[in-house]
Amino acid sequence: NAGVTQTPKFRILKIGQSMTLQCTQDMNHNYMYWYRQDPGMGLKLIYYSVGAGITDKGEVPNGYNVSRSTTEDFPLRLELAAPSQTSVYFCASSQPGLAGTYEQYFGPGTRLTVT
Amino acid sequence: DQQVKQNSPSLSVQEGRISILNCDYTNSMFDYFLWYKKYPAEGPTFLISISSIKDKNEDGRFTVFLNKSAKHLSLHIVPSQPGDSAVYFCAASEADKVIFGPGTSLSVIP
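Here the protein sequences line up with chains L and P, keeping their order.
Residues 1 to 115 (my numbering) make up the first sequence, in order.
Residues 1 to 110 (my numbering) make up the second sequence, in order.
The shape of chain L in the complex, shown without the other chains (with noise of 0.2 Å):
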């Protein structure tokens, strides 16, 4: 069991290029999240999808799609990246029990710079 992965590890983009941030988990979770995390803060979502064809948006999604064709991949991706978009982003799968539960399990993380 590999939990979430997340490809790439590193990014460095030039402003104005676009990039597809893969996310693949194999434990079957219908829920799925992106998130940002800028330096010194919290964990921002960007988006979220609560099953295959189903995404909505997080607190922070301008600049951003998503789409979600498998259970398995949730890519997120950036188009004209700008230096606002330097950030290391999260992956996150869950699967929501009887009792409502979120825990998520989050993949390593990757670290963009936009310059």
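Keep in mind that the hints were calculated from the coordinates and are not lab data.
These figures come from a predicted structure and were not determined experimentally.
Please note: incorrect hints may appear among the correct ones.
[Claimed, not checked] Calculated pairs, DMTMM-like style, for lysine to aspartate or glutamate (alpha carbon to alpha carbon, straight line, at most 25 Å):
id : chain 1 : residue 1 : chain 2 : residue 2
1  : P       : Lys56     : L       : Glu103
2  : P       : Lys5      : L       : Asp38
3  : P       : Lys71     : L       : Glu79
4  : P       : Lys97     : L       : Asp73
5  : P       : Lys5      : L       : Glu103
6  : L       : Lys9      : L       : Asp26
7  : L       : Lys44     : P       : Asp24
8  : P       : Lys97     : L       : Asp56
9  : P       : Lys37     : L       : Glu79
10 : L       : Lys57     : P       : Asp24
11 : P       : Lys97     : L       : Glu59
12 : P       : Lys37     : L       : Asp26
13 : P       : Lys68     : L       : Glu59
14 : L       : Lys44     : P       : Asp84
Based on the hints, put chain P in the right spot on chain L.
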């Protein structure tokens, strides 16, 4: 507008003593609260949680207390160990969204 607040950016505690990390929230619709621990260059890992219908949950050295009327929760670590040194995030869920606080960096001094 920050819905989940952790007003202490950092905390230092002697090994063996109690660590108390605090968290305040503003949204009364939150129905579940969680604590995560994060080491540098790693993703957060789940520590302990509590439903809004309870006021205490305990797991080994970790206890979470919830005061709904004050919209406040706290994480107690007893006894504190050097390996507990990490950033601790408080998180709260409403329906399918999970919102995190800014974190408190805990240092346990041997």
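>> Check whether the Cα positions of lysine 57(L) and aspartate 24(P) lie no farther apart than 25 Å.
In response: Holds, at about 24 Å.
> Within a Cα-Cα threshold of 25 Å, do lysine 37(P) and glutamate 79(L) meet the stated pairing?
Replying inline: Distance of about 31 Å is beyond 25 Å: violated.
> Taken at face value, is the distance from the CA of aspartate 38(L) to the CA of lysine 5(P) at most 25 Å?
Replying inline: holds (16 Å)
> Does the alpha-carbon distance linking lysine 44(L) and aspartate 84(P) stay inside the 25 Å limit?
Replying inline: Distance of about 24 Å is within 25 Å: holds.
> Holds or violated: are the alpha carbons of lysine 97(P) and aspartate 56(L) at most 25 Å from each other?
Replying inline: holds (10 Å)
>> Next pair to validate is lysine 37(P) with aspartate 26(L); report whether the Cα-Cα distance is within 25 Å.
In response: The hint holds at about 22 Å.
> Is the Cα-Cα distance between lysine 9(L) and aspartate 26(L) 25 Å or less?
Replying inline: holds (19 Å)
> If you draw a straight line from the CA of lysine 44(L) to the CA of aspartate 24(P), is it 25 Å or shorter?
Replying inline: holds (17 Å)
> Has the given pair, lysine 71(P) with glutamate 79(L), been kept, meaning a C-alpha gap of at most 25 Å?
Replying inline: Violated - the C-alpha atoms of glutamate 79(L) and lysine 71(P) are around 39 Å apart, more than 25 Å.
>> Given the hinted pair lysine 97(P) and glutamate 59(L), is their Cα-Cα distance within 25 Å?
In response: holds (10 Å)
> Between lysine 5(P) and glutamate 103(L), is the straight-line Cα distance small enough, at 25 Å or below?
Replying inline: holds (19 Å)
> Hey, lysine 68(P) versus glutamate 59(L), does the alpha-carbon distance stay inside 25 Å?
Replying inline: Answer holds: lysine 68(P) to glutamate 59(L) is near 24 Å, not above 25 Å.
Violated hints for the displayed structure, listed by number in ascending order: 3, 9.
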